[in-house]
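For reference, the chains in residue letters:
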Amino acid sequence: MQLQHAENVHARRPARRGLGPQARREEREFYLFISPWIIGFVLFGAGPIIASAVISLTNWSLLSSPRWAGLANYRRLAVDPLFFITLKNTLIYAIGSVGLGVVTAFLLALLLNQKVWGMAFFRTIFYLPSVVSGIAVALLWVNIFHPDFGLINYALSWIGIQGPGWLTSPSWAMPALIIMSLWGAGAGMVIYLAGLQSIPEHLYEAAALDGAGPLRKFWHVTIPMMSPVIFFNMIVGFIGSLQAFVLIFVMTNGGPANSTLVYGLYLFRNAFQYFDMGYASAMAWVLFIVIMIITAVQFRVAKRWVYYEGGLRD
Amino acid sequence: MNISQSRRAGTLARLTQVRGGMRTAQRLHQIMVYGLLFSLGVVFILPFMWMISTSLKQSQDVFTFPPQFLPTSFEWRNYVTGWTRLPFNTFLLNSIVVTSANVLGNLISCSLVAYGFARLRARGRDVLFLLLLGTLMIPREVTIIPAFILFTKLKLVNTLWPLILPAWFGYPFFIFLLRQFFMTIPHDLDEAARIDGAGSFRIFTNIILPLSKPALGTVAIFAFIGNWNNLLDPLIYLRSTEKYTLPIGLNLFRGQHVTVFNELMAVSIIQLLPILIIFFLAQKYFVRGVALSGMGGR
Chain A
9 MQLQHAENVH ARRPARRGLG PQARREEREF YLFISPWIIG FVLFGAGPII
59 ASAVISLTNW SLLSSPRWAG LANYRRLAVD PLFFITLKNT LIYAIGSVGL
109 GVVTAFLLAL LLNQKVWGMA FFRTIFYLPS VVSGIAVALL WVNIFHPDFG
159 LINYALSWIG IQGPGWLTSP SWAMPALIIM SLWGAGAGMV IYLAGLQSIP
209 EHLYEAAALD GAGPLRKFWH VTIPMMSPVI FFNMIVGFIG SLQAFVLIFV
259 MTNGGPANST LVYGLYLFRN AFQYFDMGYA SAMAWVLFIV IMIITAVQFR
309 VAKRWVYYEG GLRD
Chain B
4 MNISQSRRAG TLARLTQVRG GMRTAQRLHQ IMVYGLLFSL GVVFILPFMW
54 MISTSLKQSQ DVFTFPPQFL PTSFEWRNYV TGWTRLPFNT FLLNSIVVTS
104 ANVLGNLISC SLVAYGFARL RARGRDVLFL LLLGTLMIPR EVTIIPAFIL
154 FTKLKLVNTL WPLILPAWFG YPFFIFLLRQ FFMTIPHDLD EAARIDGAGS
204 FRIFTNIILP LSKPALGTVA IFAFIGNWNN LLDPLIYLRS TEKYTLPIGL
254 NLFRGQHVTV FNELMAVSII QLLPILIIFF LAQKYFVRGV ALSGMGGR
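Protein chains in written order, with the numbering used here: chain A, 9 to 322; chain B, 4 to 301.
Bear in mind the hints are in silico, worked out from the structure with no lab data behind them. Note that beta-carbon positions come from the ideal geometry of N, C-alpha and C, so glycine has one too. Treat the hints with caution; some may be incorrect.
Said to hold, decoys possible - Anything over 10 Å on all C-beta distances counts as not near chain A; from chain B, calculated: (1) 92; (2) 99; (3) 104; (4) 163; (5) 172; (6) 183; (7) 228; (8) 243; (9) 262.
Unchecked claim - Where chain B lies over chain A, by a calculated footprint (3+ residues, C-beta under 8 Å): (10) 29-37; (11) 83-92; (12) 154-160; (13) 299-310.
With these hints in hand, go ahead and build the complete structure from the sequences.
Below, the structure is given as structure tokens:
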């Protein structure tokens with residue numbers, strides 16, 4: 009008994025072939041403990057994935073039984089002009105909001121990392137907007153972007169600029185959404201701040217001894233040490249923004265003139281307004297594949313710029 | 004003398020020379036940092052102020068040029084009239100039911116599963132864990148349609164169940180977060196308890212859970228915010244007004260009463276209030292949670 013316990017502590021390799029009653033009990037317990045997730049995985053994870061692949065090969069409005077359609081839905085996608093518009097809009101939104109978001113969050117973190125008095129206070133102010141995001145915030149920004157009475161165009165009028173129509177203008181609605189997304193940069197800032205504070209001081213001291221000024225310290229110490237965190241957040245942020253839906257649904261609902269019609273919104277319309285389940289499922293699968301390709305590309309590019317202490321981790 | 008040595012010597016000389024001017028340079032740096040912090044702080048806080056100010060204005064003062072920063076009179080009744088234009092009490096109740104059921108369900112199911120993955124040995128465990136991590140990659144769009152069909156077949160559309168049930172079957176991200184935390188708890192504690200005759204479930208409830216309050220707090224807060232703000236699922240599943248939650252109620256309000264923007268802001272503030280209160284009471288849980296989830300690359 010005792011001996012087996014001692015083994016339990018140290019050996020965390022997979023259980024051996026000839027299982028004793030003890031190990032067998034532990035195995036039963038393991039499956040009992042994780043059973044909620046197993047059920048969830050079948051009902052809301054793996055099951056839906058397979059189902060969605062099958063549904064994408066049918067025409068199904070939920071009212072009648074599904075009709076086999078083969079690859080017709082995918083062929084339809086290939087000639088659907090709206091599909092390509094949404095792809096373009098989504099990529100613009102993702103690149104704009106993630107790119108500017110990373111820069112903004114990183115600059116805020118650098119600023120807060122200056123060992124200033126009242127750091128906690130400013131951190132709270134910058135962080136708060138990212139926490140409250142939701143429909144209430146979307147409605148607020150509709151007002152802030154108001155062409156005639158909004159705060160932004162008022163501020164622009166101070167410096168003599170006649171602001172655009174923002175959410176009512178096909179060319180400015182997308183930039184408006186990206187600007188608004190920057191208000192939520194505080195979440196990234198908190199992450200980068202934690203990362204900055206965990207960079208060992210001796211690296212900076214060594215760099216200073218070698219005569220590095222602030223800029224070179226930043227470029228040769230801060231950036232390499234932070235690159236894994238930046239990379240991780242870029243991937244997560246990019247995947248998240250490809251699925252952006254709620255804020256855009258509330259603020260522009262895809263308009264004006266489809267200029268903010270993003271992928272998630274178009275998919276939602278096909279599924280839950282036109283009840284074209286087959287077509288919407290095909291869209292979902294294309295999105296899945298696009299996400300996997302983009303993530304793979306990001307990982308490949310990352311080899312050139314992401315620095316892992318002690319070599320690449322698995 | 005090689006180059007780097009001479010550079011070092013030069014730096015030292017410069018350091019001693021410059022020490023006098025250092026203080027002014029430092030002060031200048033500080034002034035710049037504070038200047039930036041304050042102006043950015045204003046930019047970040049202004050929308051909130053604007054929201055509060057708008058919610059207290061009279062209707063005719065909402066859309067003016069130049070914008071009025073402070074209301075001429077404080078119309079607190081906007082909060083009452085806005086709240087009573089639609090059955091917001093019902094929406095609030097539904098939101099409370101959905102959110103608390105989700106928080107509870109996530110805490111229970113995710114901690115059970117996380118304990119299994121963190122502490123119990125079994126064949127297939129590592130493969131299953133990889134599978135769990137894999138599901139983090141799947142976009143919601145892929146699973147949302149089959150889930151809708153499933154709930155349609157179960158005749159649960161237009162009830163709160165589709166918003167509640169999934170939380171009781173574990174949420175991969177929370178499982179991952181809790182499992183990482185459980186792994187940091189020393190094994191000696193469970194082993195000692197096991198020698199005293201405690202089974203796995205006792206160890207889970209009496210040792211692991213009490214030691215994991217910070218991680219459980221983070222999960223509870225994330226689950227709370229995610230569900231309190233959830234608009235997508237109510238849009239898909241809820242049809243009749245008496246089933247609505249606060250976010251979709253706000254959306255309805257916006258559609259029906261475009262003209263009373265001051266009241267819309269007032270109701271929006273009420274909806275945000277619980278999140279603001281939790282944020283100020285438990286900011287460290289937020290920060291820890293975000294840092295935990297975002298530092299994954301390290």
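Structure-based check of all given hints:
| no. | hint | verdict |
| --- | --- | --- |
| 1 | 92 | 18 Å, holds |
| 2 | 99 | 16 Å, holds |
| 3 | 104 | 15 Å, holds |
| 4 | 163 | 17 Å, holds |
| 5 | 172 | 3 Å, violated |
| 6 | 183 | 14 Å, holds |
| 7 | 228 | 7 Å, violated |
| 8 | 243 | 16 Å, holds |
| 9 | 262 | 13 Å, holds |
| 10 | 29-37 | holds (count 4) |
| 11 | 83-92 | violated (count 0) |
| 12 | 154-160 | holds (count 5) |
| 13 | 299-310 | holds (count 3) |
Checked against the numbered hints given earlier, this structure breaks hints 5, 7, 11; the rest are met.
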